[in-house]
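> Based on the hints, put chains B, C, D, E and F in the right spot on chain A.
6 protein chains.
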Amino acid sequence: MNIVVQNIERADAEIVAGLAECGVATVHEAQGRIGLLASYMRPIYAGARVAASAVTVSVAPCDNWMIHVAVEQMKAGDIMVVAPTSPSDAGYFGDLLAESVRARGGVGLVIDAGVRDVRDLTEMGFPVWSKAVCAQGTVKETLGSVNVPVVCAGALVNPGDVIVADDDGVCAVARADAAEVLKKARARVANEDDKRKRLAAGELGLDIYNMRQRLAEKGLKYV
Amino acid sequence: MNIVVQNIERADAEIVAGLAECGVATVHEAQGRIGLLASYMRPIYAGARVAASAVTVSVAPCDNWMIHVAVEQMKAGDIMVVAPTSPSDAGYFGDLLAESVRARGGVGLVIDAGVRDVRDLTEMGFPVWSKAVCAQGTVKETLGSVNVPVVCAGALVNPGDVIVADDDGVCAVARADAAEVLKKARARVANEDDKRKRLAAGELGLDIYNMRQRLAEKGLKYV
Amino acid sequence: MNIVVQNIERADAEIVAGLAECGVATVHEAQGRIGLLASYMRPIYAGARVAASAVTVSVAPCDNWMIHVAVEQMKAGDIMVVAPTSPSDAGYFGDLLAESVRARGGVGLVIDAGVRDVRDLTEMGFPVWSKAVCAQGTVKETLGSVNVPVVCAGALVNPGDVIVADDDGVCAVARADAAEVLKKARARVANEDDKRKRLAAGELGLDIYNMRQRLAEKGLKYV
Amino acid sequence: MNIVVQNIERADAEIVAGLAECGVATVHEAQGRIGLLASYMRPIYAGARVAASAVTVSVAPCDNWMIHVAVEQMKAGDIMVVAPTSPSDAGYFGDLLAESVRARGGVGLVIDAGVRDVRDLTEMGFPVWSKAVCAQGTVKETLGSVNVPVVCAGALVNPGDVIVADDDGVCAVARADAAEVLKKARARVANEDDKRKRLAAGELGLDIYNMRQRLAEKGLKYV
Amino acid sequence: MNIVVQNIERADAEIVAGLAECGVATVHEAQGRIGLLASYMRPIYAGARVAASAVTVSVAPCDNWMIHVAVEQMKAGDIMVVAPTSPSDAGYFGDLLAESVRARGGVGLVIDAGVRDVRDLTEMGFPVWSKAVCAQGTVKETLGSVNVPVVCAGALVNPGDVIVADDDGVCAVARADAAEVLKKARARVANEDDKRKRLAAGELGLDIYNMRQRLAEKGLKYV
Amino acid sequence: MNIVVQNIERADAEIVAGLAECGVATVHEAQGRIGLLASYMRPIYAGARVAASAVTVSVAPCDNWMIHVAVEQMKAGDIMVVAPTSPSDAGYFGDLLAESVRARGGVGLVIDAGVRDVRDLTEMGFPVWSKAVCAQGTVKETLGSVNVPVVCAGALVNPGDVIVADDDGVCAVARADAAEVLKKARARVANEDDKRKRLAAGELGLDIYNMRQRLAEKGLKYV
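Chains as they are written, first to last, in this note's numbering: chain A, 1 to 223; chain B, 1 to 223; chain C, 1 to 223; chain D, 1 to 223; chain E, 1 to 223; chain F, 1 to 223.
Among the hints, erroneous ones may be present.
Below, a list of computed lysine to aspartate or glutamate pairs in the DMTMM-like style, where the Cα atoms sit at most 20 Å apart [what the hints assert, rightly or not]:
| hint | chain 1 | residue 1 | chain 2 | residue 2 |
| --- | --- | --- | --- | --- |
| 1 | A | K197 | A | D207 |
| 2 | C | K195 | C | E21 |
| 3 | E | K197 | F | E217 |
| 4 | B | K140 | A | D207 |
| 5 | A | K183 | A | D194 |
| 6 | B | K75 | A | E123 |
| 7 | C | K195 | A | E123 |
| 8 | C | K221 | A | E99 |
Read the hints as simulated data drawn from the structure, not as lab findings.
Chain A on its own, in the form it takes in the complex (with noise of 0.2 Å):
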């Protein structure tokens, strides 16, 4: 029942980092508005935006065993995503683990729960996004998976998956439909642009968009 699952596939590094160019909100709607995870994921410091490869660890609540053996199965460009099978907030990582994610290529954390030490992961340069901020130790004595699919925040993410996360928040992207969301992606940021300069030079959505005729027909009234 409890496994580590050590072979796993990643995308392709230049598509993850073609997604962290884009950034969340740019992803999310490339790949119609899914994997998002909830709102309450916050990064523990502002400026922060990187793509990576998902590696999933299933724990228990207050326990964080499974991280040191996570740690294990990470490379580089991967990010370790954290989701306890009960809520809690305590703060099941903190520097140390930081450190040992690193010296392994991982660049980040995302976790459905509480994280500590943040002034030191801040100095660090090491990025999180949490539900919380809380020192509350964790224990180690009940086994959970590495490497599984799991639910953070409220959305699926599958390992191998790409994690985009930002100022915006987490999005992730089935590693399969990575190229083709990319792709959409940028299509959109081209797009973007143009429409940018269009708005920054005063010309109104209303008529880029071509929104006045239909929302006539809807029956809004000017008065």
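For chains B, C, D, E and F alone, kept in the frame of chain A given last:
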């Protein structure tokens, strides 16, 4: 039922500027402790401090269509105040809309829902006070209204009301009361400057405000 | 029933300073994972790190009268710990009170309620850990007590307890235990420094902590 | 600033009674999906169903003084609508006040705060919709106002508005619109009765509402 | 992207019935403490106890169009499981839809959002587990999907999974595991019956489960 | 560190019984508005009304081992009061434990966490006040303590304190104060009976409590 009110009255620009200087806590006190939006309304970055005339927008949940309509109604010195008709944390507003608002002279956004692209908004210096940061996209299907009275984060806001917002939150001042409130707020500021000096010099509030006798009468015992 | 205890014992200043250096997470662990305030208690700005002796204040909801009374009881190196008798997010404390606390040598505030003037407090470098930022004013009508045991954000705090607070939250250490807790905390710090180096060098927690055998005994399978 | 408005207009008793029969969901729909109080407003017991004219009360947090003032303003068929100026879960209202309201002909209470003595209130058959059940006592120190516009649980309520409340929650209907809303609500009820029979007999909403073509046009695929 | 899967496999009716008898807590334990929906999912009335095959529905926030589509896919013994793509408390479902579901043989609803007409639903004996009771109406503008995997209240539910629901909440059992889970659940029930008798007769769990030695080894002291 | 205190003092049985009759709201008032647990502590069924001596249990999050230990310490007329050291909604307690508590003469449970088997508990007439209903199982790995002071739902509870609980929530009375509190509570009950009659007969609180003059002095205006 769904209307856009095109001509609204606004408070005098000097009064608005004066209220910005006084800040939310002082203005809220000066008008008798009313008008405060719920404390879950937080700025997306620290340090912003604005006062502006409200262009109000009533929107459907997860539908940002009327925000595009509202942009056209904004003038220099306005702030957009968005209230969904049913609770929503979705990301109604991002950097493109901010460019559009700014092109009209708008100075910011107050939204009882979510906002996205907060990194770009922060770089633009476009202040937003919101209930959530959330990348979730919205649709453009259902009409709402612009420049009608709205309840935003528990406070009634009429179009043209002065919105004062800073790191302490958001306060609405009725347009008709703005001049009088500014007068009282400035009196408070002057009074507080004196108090601040005395307190910083070591005098006690117990003495400055003559509290000792009333405390004793109420029965406070020193042991 | 409503009392002000004027003479409380405090921990030795060097012990208090030592606890500040160790930080919340370490101190909380060192004393057996007790004493942590709820994780909703957040600092108004990042980077503050203090330890100080608690002057406790039991206040009525939305009534900050006793805070004025408590200021007089503060000495150099104290921190005020405020707990309402019924939940409240109102803004009990602002920059004027901070000036007054600082004039007495007080170093900060922990309040299971709201705080306001956070921009000024940040500029002053006056740290506050609170449940909310809220401009809502309070009254001065109902007595409370100063330097009695209080439950603040779910933790029991006695007057003179050492409060340790940083970006991870707030922890209370019983005065009588402070020396012993410091000793254990320093041992943890020393131990962690060594671990940090080994982890940063790529050793795994699985090996450092000898976890592999116990994981296997519990039934973990690698696939 | 603190006033008691003694003469308010009320809707016609027959209209009020008609709205009670239609229920919250129908009335809310009939008036264009507005006027609903937040869904955290729950009845203290199941099965109550009322419509009544609002006597509004603006109260200070944790202060129920104005409720005593408001009782005097109640007439037969009224319901008291209480909104604190700052959030509070305290128990503003219990069985004694219910006796007093009932003696004036009042039919219930809507309060964006706490209520207590719920066992007694249930035995009396005195319905209350509240944010919380809480025994915490309140003080009588700060004035508020009676029969002024209030924002209660996110909805604007004017004195004399018709409050409709049942197991689904609470809805406010503007007095001036009450007759028209009743007409539309009754039309909905009649229409729904027919629909209910057809649906219960196995017809599908897809067919009754002619949805299939529009679904196909939008791109829904059956696989 | 938006699909309706018309043919799904369901678990054997006898297995489903067996799981209903065992109840949520037992089934959840029997399958290794997985599959539980969040504890905010509460029944609209006490005493309902069902197990049924899931017809899953992914809906847009505040949009119940796909529920109408899903009704057609329901068969005798099914339960509808609705998950919005963005959080919503709106009232997606009421008595008319319940009549329609019942006409197809459906036995209830699990919805990570709001439900309305709860009085009528209670009188019908139509059980619903929901996040909220809310009269807020929804629109019919945006497509979703039927019988695709959904994350509902934090749990992954696949179409055809067995949903077990009672006063303790809701649990999902993978269809393929249902027979095995039932076997284990029945073993637990049998075992618990014996334990219940011994405990009711005054034997202690400390003795029945042989806990005393392990407690002593861990260091528990009796004083 | 982890202890079980075997001999605790309890209040006199007649005093405990007297407090039960007075109820939570009255007892809370009689002792000066202290001792109330947070209003999120709700009974699993309506109508229960108990007073009993607290056997306190400090438990690890999601670990119910110490509850088994605590059962042995219960005597006739006791109630178990459980507080996790870190927040948890897991289901620590079900019908088997209730049988065991009842076999010792225990009368109920107060738990700042989750409970399960609520249907069975309701049928047994075993009252529980909890933060959540949740089927999530717990482990038996980490020690805690029995009959030590605990903070439960924001209130300090010492072993042997009298717990009063009914539909309004839960209140703790210090053992040493119980006789005095009962006296005051009975005085309140007597006084309220008289008030209730006068209010029910149509007298106003404004007159009974002589409020009119003070309201006028504070500045209340009738318009």
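> Now, for every hint given, state plainly whether the structure supports it.
Going through the hints against the structure:
{"no.": "1", "hint": "A:K197 - A:D207", "verdict": "holds (14 Å)"}
{"no.": "2", "hint": "C:K195 - C:E21", "verdict": "holds (19 Å)"}
{"no.": "3", "hint": "E:K197 - F:E217", "verdict": "violated (68 Å)"}
{"no.": "4", "hint": "B:K140 - A:D207", "verdict": "holds (15 Å)"}
{"no.": "5", "hint": "A:K183 - A:D194", "verdict": "holds (17 Å)"}
{"no.": "6", "hint": "B:K75 - A:E123", "verdict": "violated (43 Å)"}
{"no.": "7", "hint": "C:K195 - A:E123", "verdict": "holds (18 Å)"}
{"no.": "8", "hint": "C:K221 - A:E99", "verdict": "violated (26 Å)"}
Hints 3, 6, 8 from the earlier list are contradicted by this structure; the remaining hints agree with it.
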